[in-house]
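J.: For reference, the chains in residue letters:
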Amino acid sequence: MSKRVYITGIGIVCAIGNDVPETLLSLLAARSGIGKITLFDTIHKDVLPLAEVKMSTSRLLQELEHTGAKYLTRTALLGMKAAGEAVRSAGFRKTDGYKTGLISATTVGGMDRSEDFYAGFLENPAGGRLIDIINHDCGDSTERIADFLGIKDFVTTISTACSSSVNAIMLGSNLIKTGQLDRVVVGGSDSVTKFTLNGFNTLMILDKTGCHPFDENRAGLTLGEGAAYLVLESEACVMAGHKKVLGEVSGYGNANDAFHQTASSPDGTGAFLAMSKALKMSGLDSAEIDYINVHGTGTQNNDLSEGIAMERLFGEHVPPFSSTKGFTGHTLGAAGAVEAVISILSIEHGVIFPNLNFTTPMKELRIRPVSALNLGHAQIPHEIRHVLSNSFGFGGNNSSIIFSKCEAKSIEQ
Amino acid sequence: MAYINGIGIVSPQLTVESKGFPTEVMEYTADYLKCIEPAYRNYIDPIQSRRMSRLIKMGIAAAKISMADAGCTMPDAIITGTGLGSVEDTEKILSDITKDEKFLNPTPFIQSTYNTISSQVAIQLKCHNYNSTYVHRTFSFESGLIDSLMQMEEHTASQILVGAIDEMTMNHLQITRRIGQWKMEPVNNLRLLENMTPGALAGEGAAFFVLGKEKNGSAYANLKDVKTCINIKGSFNPNKEISTFLGNNGLDARDIDLLILGNNGDCENDPIYAQFADHYFPGKALAWYKHLCGEYHTATGFGLYAAACILKNRVYPEILHLNKVQPKKFENILIYNHFRNTNHAFLLVQGF
Amino acid sequence: MPKRIFITGYGIISCIGSNIPENLNSLMRSAPGTGPLLHVDTILRDEVLVGEVPKTHQELFELAGVAPVEGYSRNALLGIIAATEASAHGRLGENTGLKTGLISATTVGGMDRCELFYKDFLENDSRNIYIDSYDCADSTEKIAARLGIHDFVTTISTACSSAANAIMLGARLIRNGRLDRALVGGCESLTKFHLNGFNALKILDKEPCKPFDQHRAGINLGEGAAYLVIESEESMLKTRNTPLCELAGWGNACEAYHQTASSPDGEGAFMAMKAALEMSGLKPADIDYINAHGTGTDNNDLSEGRAIERLFGDRIPKVSSTKPFTGHTTSAAGSTEAILSVFCLLYQVIWPNLNFTERISELGFTPVEKLLTGIPVNAVMSNSFGFGGNDTSLIFRKVNASNANNVNNADNADNANNAGNAGNAENIEN
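Chains as they are written, first to last, in the working numbering: chain S, 144 to 556; chain Y, 152 to 503; chain X, 11 to 440.
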């Protein structure tokens, strides 16, 4: 049993960086990763922008080649890369006897390869390489990652659309709190595919100019791809290993909007409930939240509904907030973990990363996002203690999680 | 702590020529007390000195006198304190750029830089060692002394040349008279305390000291400790500060034989000295010196010189007496200075 | 063993940003801040390019959180802004039982108002309040009053090395036990006074300055303020601050050559760098990066370059001057560049020497041309040289597990930074 859940490692690969240091530098330079589609051939090539990871699948394979595995999906490769970094940064030995799990989230799974299969299959029903479709299901990438990391004690996959990887972090935290695991690698991976691109395009929620979250003139989201993982450890684990700690998971909440399959309720009930639950669990006063990394997809519906929920919950004192999807695009199943890593970087470096592409405040809201790299608190510059991160998904699945700074001293006690 | 092994003083008194504290006192009735400048050719190559402004020449001369006095040829550090640096050069540029900005001569600009004297002295001596300049009003010289004492403790220097330099000009006097800093009329320096009015009698001077870890044959005294205290919103607690300062040096108020105060004739400033003496050093011998050199940011340089001479010669010149009490011994002298009740400083000097 | 000195807070305002993140952001984007002069009335306006803080006097009041009253120079406001940021970061307002000092550096002091009102000073009483704010101590005392620092307060002016000397003095006061912690740095505003002075010396470049370039043509003056909170290990036990890095060495030497020029072989620079290196206990090969003084004048860059070659031989670290970003902020340059150097340790980056095209023919090395990322940066040397041949060199070292044995709250930036390339998960078994 562990009262507290510590974060001891992080790893990421996304449109603005192939690892944590690169991602941090792009965030500090306010450099977006959104650009032209290069990964696959599509009629939307010159119309819709995308936040692609700047590594080809073959380069990913090359880098991870020593595993000997072939026919790995891009999702699995991204996941292996990010999870590998997280594990290395936590620096644990898998043979140290601590029960270690992996909880990974994804929404598209191995769709990139399934698409390849279908292209062949449609031309010639006898054609298409079957190996391409075996890896379609969501569990595949997780197992590949587990294999890669040598994790056996507990392995599962979560898919709750865009809130998937926050739910993975929550599950992991619960497993540690209840003593079922000592340590768990949690996060998500999603590669961008023609399937998702076309799917979202039919919903008419893709912004042709790149997303403008929380802007009056926002016109939709921009899809992105990537993977991010956190290593969570119990108190006993951290103390035994004299671990350096990046932060802790201090509260979380999941609530269902129960309103519509793809739209959020106008009053943001689900978002409000999820944030309230997370706050309550953390025992923090709402004034103690230094920064909210919002879901802020850039769609009309999400940003208004999320904004209203924040105004409802925080009243006159909404903390500084920004959506970092202008950097990374919306990485769907990986978004919660990508933004968890960004939230931890925010705590570690005491800065709030800007909401890119913001120019005009939304007329329905009093609040506006942080639009330049920001110190956060005027009173305590460089000190971001508690970050609330929101991830909301299709089906009204809303999750909020709070990451907190912890000083070495507080761990020893 | 550090031994005062040599002193060089350019002041409104006959301090250049006299060995020890001058016996003849210069009396002035003037707007401010102006230095009696030495024959610079004795200290600086005339070709070089032609381009130098007055304060720089005064500084170099005082530095060289102190070095000769101490028999020191190469200090391990050169440190100066100056409140305003070369006022003459600064005014020259200011008046030029206020008129127009054409045909500016770079020399006054270079010389207006505060560390000009410490670097000119270094150039004269070809001294590559530590070099620094403090420019904090009446803390300037004291900061330099603290830096010196620390270097002795750090064993990074065994001989340090430390100086206090400031000048006055008629122009600057007129400007600063507007804010009530100075007497509005010429006054007699020896009758400064007779009619207490607002404003001090302004002055100037260059005082250099060679401080040594070891004392040489002609050493004057021991500079035991220096403390500066800034008074921000009443943060200065004289009782606490003085007892801590003396306590750190193994003393208490009873051990002080002579208190040298910074009275400058300003009816708003001088009562602070009187209160201080009454409260913490009742019945002690009190001295003053600013009637001889005038008030300026680094005037404690002259005060330290007076203290050093008293301790070395075991003579307490009458011109310095502020009250009628005679010191019982010549062991511990405390110099206390303040500026507008904001910048308070203590210097503890000991005989041997 | 002498006390170790750690940096636990910082604050900055310069032409590339009004606080730490903004400065970092501009550097990461390789975006310089120099441009035309706006806030100083001078006939030189069209003949100089400067690194001016793009704020009016009024805007500076707002940033400083000071009610706009008479008596504040631009210099003091810049100082208050940066010092307040650093003080809050290093939590100087807490643990008031610790002996805390302020050592500030400036050379032009309150000259920005003085030159504006000098005619009034001579003729009438309308601007008398600024007579008092003209000297160097004024900005220091305003900062001290604002932040309630009173255990030790002083001001240093050694021209362009001033702020580096302030950092050094603060460190010595802590080592010596006179202080537990200190706010150290410098501030300098652009003035007609020193623009004209440097112009008369014919060392200002009208174009963006090109340090370490064969065709360098002089300085772009700049303005700003930068302060750091430094403290001892014992102090950190009380403040529970996390160190950003360690101040591992310092050295000051005097050229004793010429009042404004450096010696051709860079004797002073060599001695200062050597002293700093010796004190840090590091070998020349341990220095990953030199943030050079590199003003862009013929004289400085050649002399500094030669000194670097002399000291480092054929293993010259990465070198760049960041003055093309910030302009030469004279008395604030030492602390400005100290902060830029600390960034390099924190983010494992090396800033480019902008505007470089051609190697100085007398030198064998070239500066870093493009932002370098993802390379190990464990020790940085920062040089600041001033008029009068006053040369100071500082060394900042990353705090990590191997050298942090007694450091409270040992640095935890490491994990995020040492990741390197992904791929090999096997080392978790090692």
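Everything labelled a hint here was simulated from the structure, so no lab data went into it. One or more hints might be untrue.
[What the hints assert, rightly or not] Here are the simulated lysine to any residue pairs, SDA-like style, with alpha carbons at most 25 Å apart: (1) Lys212(X) - Asn474(Y); (2) Lys243(Y) - Ser136(X); (3) Lys146(S) - Ile348(S); (4) Lys391(Y) - Asp275(X); (5) Lys212(X) - Ala295(X); (6) Lys109(X) - Asp251(Y); (7) Lys197(S) - Pro362(X).
[Said to hold, decoys possible] Stretch by stretch, here's where chain S covers chain X in the computed footprint (C-beta under 8 Å, at least three residues): (8) 22 to 34; (9) 352 to 364.
Yeah, the Cβ is synthetic: ideal placement off N, Cα and C, and Gly gets one too.
J.: Would the hint linking Lys109(X) and Asp251(Y) be met if the CA-CA limit is 25 Å?
T.: violated, 48 Å
J.: Taking 25 Å as the top limit, are the C-alpha atoms of Lys243(Y) and Ser136(X) close enough?
T.: Holds: Lys243(Y) and Ser136(X) sit about 22 Å apart, inside 25 Å.
J.: Given the hinted pair Lys212(X) and Ala295(X), is their Cα-Cα distance within 25 Å?
T.: Distance ~37 Å between Lys212(X) and Ala295(X) Cα, so the pair is violated.
J.: Are the Cα atoms of Lys391(Y) and Asp275(X) separated by 25 Å or less?
T.: Judged against 25 Å, a Cα distance of about 52 Å means the pair is violated.
J.: Between the segment 352 to 364 of chain X and chain S, are there enough contacts, at least three residues with CB-CB distance under 8 Å, for the coverage claim to hold?
T.: Since three or more residues must qualify, the claim that chain S covers the segment 352 to 364 of chain X holds, with 4 doing so at under 8 Å.
J.: Mind checking the alpha carbons of Lys212(X) and Asn474(Y) for me, to see if they're no more than 25 Å apart?
T.: violated, 58 Å
J.: Do three or more residues from the segment 22 to 34 of chain X put their C-beta atoms closer than 8 Å to C-beta atoms of chain S?
T.: holds (count 5)
J.: Holds or violated: Lys197(S) with Pro362(X), Cα cutoff 25 Å?
T.: holds, 24 Å
J.: Need the status of pair Lys146(S), Ile348(S): alpha-carbon distance at most 25 Å?
T.: The hint is violated at about 41 Å.
The structure does not agree with the numbered hints 1, 3, 4, 5 and 6 stated previously, though it agrees with the rest.
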